[in-house]
Amino acid sequence: MAQDGIGARVARKEDKRFITGKGRYVDDMRVAGMKHVAFVRSPYAHAKVGGINSEQARNMPGVLAVLTGSELVADGIGNLICGWMVHSKDGTPMNMGAWPALAPEVVRFVGQAVAMVIAETRAEARDAADVVAVEWEELPAITDPAKALGEGVPQLHPEAKGNLIYDWEIGDKAAADKALSEAAHVTRMEIVNNRLVPNAMEPRAALAQYDAAEDHFTLWTTSQNPHVARLVLSAFYNVAPEHKLRVIAPDVGGGFGSKIFIYPEEVACLWAARKTGLAVKWTGDRSEAFLTDAHGRDHVTVAEMAFDANNRITAFKIDTIANFGAYMSLFSSSVPTYLYATLLSGQYDIPTIHCNVRGVYTNTAPVDAYRGAGRPEATYVVERMMETAARELGVAPPELRRTNFIREFPHQTPVIMNYDAGDYEASLSAALSASDYAGFGERKAEAARRGKLRGIGLSCYIEACGIAPSQAVGSLGAGVGLWESAEVRVNPVGTIEVLTGSHSHGQGHETTFAQLVAERLGVPIDNVSIVHGDTDKVQFGMGTYGSRSGAVGMSAISKAIDKVEAKAKKLAAHLLEAAEGDIEIADGEVRVAGTDKKLGWHEVCLAAYTAHNLPEGMEPGLKEGSFYDPANFTFPAGAYVCEVEVDPDTGHTEIIQFVAADDFGRIINPMIVEGQVHGGIAQGVGQAILEGCIYDPESGQLITASYNDYAMPRAHDLPSFKVSTTETICPSNPIGMKGCGEAGAIGTPPAVINAITDAIDNNDLSMPATPEKVWRALRAGATAMRQAAE
Amino acid sequence: MYSLTYKRADSVEEARRLFQEASDAAYLAGGHTLLPTMKQRLAAHDVLVDLTRIGSMKGISVEGDRVRIGGGMTHAEVAGSSEVQRAIPSLAALAGSIGDAQVRHRGTLGGSIANDDPAADYPAAALALAATIMTDSREIAADDFFTALYETALEESEIVTGVSFAIPETAGYAKFRNPASRYPMAGVFVARHRDGSVRVAVTGAGNEGVFRWQAAESALAGDFSANALEGLSVDPDLMMGDIHGSAEYRANLVAVMARRALANLGSAEAII
Amino acid sequence: MVTVTMTVNGRQVSKEVEDRRLLVDFLREDLELTGTHVGCDTSQCGACVVHLDGKAIKSCTILAAQADGTSITTIEGLADGAELHPLQAAFKEHHGLQCGYCTPGMIMSGVDIIRRHEGQLDEDTVRHELEGNICRCTGYHNIVKAILAAAQEMHGEVRQAAE
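Protein chains in written order, with UniProt numbering: chain A, 1 to 790; chain B, 1 to 272; chain C, 1 to 163.
Do not rely on the hints blindly, as some may be mistaken.
Said to hold, decoys possible - In silico DSSO-like links for lysine-lysine, alpha-carbon gap of 27 angstroms or less:
| no. | chain 1 | residue 1 | chain 2 | residue 2 |
| --- | --- | --- | --- | --- |
| 1 | B | Lys39 | C | Lys55 |
| 2 | A | Lys623 | A | Lys563 |
| 3 | A | Lys598 | A | Lys623 |
| 4 | A | Lys275 | A | Lys244 |
| 5 | C | Lys92 | C | Lys55 |
| 6 | A | Lys16 | C | Lys92 |
| 7 | A | Lys570 | A | Lys598 |
| 8 | A | Lys147 | A | Lys773 |
| 9 | C | Lys145 | A | Lys722 |
| 10 | A | Lys569 | A | Lys623 |
| 11 | C | Lys15 | A | Lys89 |
| 12 | A | Lys16 | C | Lys55 |
| 13 | C | Lys55 | B | Lys58 |
| 14 | C | Lys92 | A | Lys22 |
| 15 | A | Lys537 | A | Lys623 |
| 16 | A | Lys16 | C | Lys145 |
| 17 | C | Lys145 | A | Lys22 |
| 18 | C | Lys92 | A | Lys722 |
| 19 | C | Lys15 | A | Lys22 |
| 20 | C | Lys145 | B | Lys39 |
Unchecked claim - Coverage of chain B stretches by chain C, computed from C-beta distances (three or more under 8 angstroms per stretch; other residues unrestricted):
| no. | stretch |
| --- | --- |
| 21 | 28-42 |
| 22 | 45-53 |
| 23 | 101-107 |
| 24 | 137-146 |
What the hints contain is simulated information worked out from the structure, not anything from laboratory work. Quick reminder that beta carbons are idealized off the backbone N, C-alpha and C, glycines included.
Looking at chain A on its own, in the form it has when it is part of the complex (with noise of 0.2 angstroms):
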């Protein structure tokens, strides 16, 4: 092994930058005669928009221009898409009401643009977006996503009979029903996954500039795939075609998959720019970002587990409502679709699964992947469900696991996956012994004893990641392939650039990229340079989400290495006399095996560049390019154990331990790899116990709409986490790797509300499960136990 190569855990390259405050973030970025942006937002959840008066506007100081939706449209910009088409189980495709990204007639959500100002500072640009005038009409609104599919309640969009968006469904319900009535036992829960908000911390920005003499765009934004965004802007939008765009998505503070969406203001600033000849700069703030930024999760589900008298699961039935919010965000219609119904197999045999999803319309913020995306809701649902019915079944809930483990691959469930490899049992017997599981019985006696109740709960999760082989996403609706692209580039100096179509936004790319170059080619990893983030520099790309980026990202740079090392191996057995086959590169050599013939790395380089003396028909160079197409999703999958105390008198509930086993297949950073999981696990705590958004019923305005009311985790709601891996190869992919980005979102939620009901000894309990809550269900069953007992 190459000393920074696979496994070592090598401190981060980027970090300097970082440390010293000298990162680039896009409200770093200055361009000369940059303007500022501020737009005009909607205050109601659903109302019709009258004229608008800039008159007063425009006469305030540093007032350049005012745009609002009518001339956006009147400029041929196309309204906002959906990219993955989904049918409903009729046939019918999804209904996609229009999104304009400046709202002419309608706004449908508390935020939403209908106008824009620039002005020559960014508070000046605010003063005067105050000041115009838009005559609203409010409309009625609905929030609820289980009342907007009933009658006689407010309707948001022509296009979308009932408010319904799609009622789609997988499985075979007939066998499914035919199970359950057939049951020996049946588990049945209503269970609710809490609309969050991302809240990365670094808030969407976007500085778009215009080179009129070149007809030329330049866009810096906050995104996760600027690629995508270029695409998309150009071919759907209509704000610049692609070959005259330039997307730029430099450092990036967090997306958590909130920045892989294109949003209205990236368009309107785009479109500005041209309009008025300005560069200007958007960079919205933290109401902005609750308001605005897609939200994630939002399901109402109703969930049915069949048993047989060896507790043997022999169907499950899941019925959800997935609350889209006002419009389609960019790959929304997938998330509760083929990213969740498609995990309800979970780590389990499951012979029969159906699941009916039906996607509504309600008049709050968009909601699209987060974290997880669609597993966590997954993951949810089964792994609550399988505690509940160990509880019910008075089975030990590891051992109702174990009995219902998938323990040969490859395994098909009746939910479209194919799961490659995993070892189930190792993840769980890992966590269960890290936790010292077997001896929590002795730590709630002590708690006891203190006036604590103290719970235990535990999750198997498993995840699909590596998204995804294109022809069979392209066979389910999604409007691209998700390969991924790389090219290597080595210098005449040997040393080497990687140009990479993931970006990297905390995930340690610079690093862990750099790690597999040295592993292979034998450099230090102080001369690899990852480049990525900049569509005029790297060739092409589809992003990072769905913890993609090392199963495919990675995997395109193998296979781009491999054809630089098969030419470096061709021209060092010409230069050394010596079989192809002979050569190995390790060490900065390239040697010729068993021999003391040897060249430097840099000198291999340095001739293909020079081409003096190349063998025949080779071309001079170094570089190679390669597109990678998975041949399958990557299944992570892990065991979490959470143990909790609550206090009894107030409902207060610490995290006194948590454990996460998780099998990412191989590893090539465990520092980095622990970050990742560290991260998930406080995401997923958070969205237990912690956060949750509240809409007014009646208004619409969003409640929860700042951090004085968001509850996000901060360090004293955590432990120090104990975490750890097992490990089985991906055989899917050239490097073996799962991918973790999201592991600790997916898997940690049920560990904890499956810990505290145990604390508390009553199962109804819903996310956040915020003191109060939690000090109600202990009342409630406190009640409940005495009625009983009467």
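Fit chains B and C to the given chain A structure using the hints.
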């Protein structure tokens, strides 16, 4: 933030004059309530009069049976004051539990009590420690100072220059924080004074702002222990209710925090 | 407009700014010290923490005019030339950062925590002291580790110097 004019006062008199000259001025001290509100354009003032450089509003002194703290003293200065820690450890504890470290470096005693914010901690100490609020023109007993939610006995341009707290025989503070904002959802300051009287003041929970829990005071006057509070509760109808906690839940928290404050007597660290 | 004069990272600066200019905007826009970040508008996230006369404060909740005459240290002024501050080095060594956005505020707060506790820190204290700083990436695990490690290193150094 809307446009404004910044004026720095070097004396209390100058501050008051600057305030009165403006049409809609506000005093600026630590700024941790005022500036976030103004940044979000939920409030606008044409003039901000900065009080933080006024020397006469600084200082801590122990005078007989009272501790006098300048209105311009930051929470960190009060929490770290050896005089306060010796005389009224639970007051140092309360100051050290406000907001976060950075807020405590800026936020001031005067600012904390000047607008009877239900989320402020100091009003509980002021009531429980029979404080006298000193302004640039008069002295006001804490019992007369907090009149209603976000309302005090202060006149519009009046400045809190200091607060004088009675040194109790013993006292304790405990609070339960709002999981999002981390402000108290119920903070209870319990004090037994040298004359034997007991004061129990509650912040964060009441729908009229900070209040004295008289039933608890009477019970504790006879038996100054948590046992005396057994079965005692505040009326939920008088509590605030919001998305973080219903009135009923807050009523429960008040009782729990009162017990915990009694378990925390004399401690220089608040129970949170 | 007001004229503000202050010492920033050891350098005296003087500028005329709008009265409503926040210190953080003064640093970012007028001095182009963009290492100090803005992550919220309610004074909670701590991405904007700098030191004012040696104490950690939130630069989003103080007017530039209020900081007139003070000495400010930002993340850009923490290292001693090319030599990283021990806490900067600890953040790198212990992987205390991911996206890097909260990092400057975390480090400035961490330095303040270590200073106030004279290096005598345990995990629980550090977690409570980080009340005013929000990180969405790391789950705080490695941030806590980095602060504890730097505290130990700095305290050890102080002790050695005294001996």
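| So which of those numbered hints doesn't the model satisfy? | Of the numbered hints, 11, 20, 24 do not hold.
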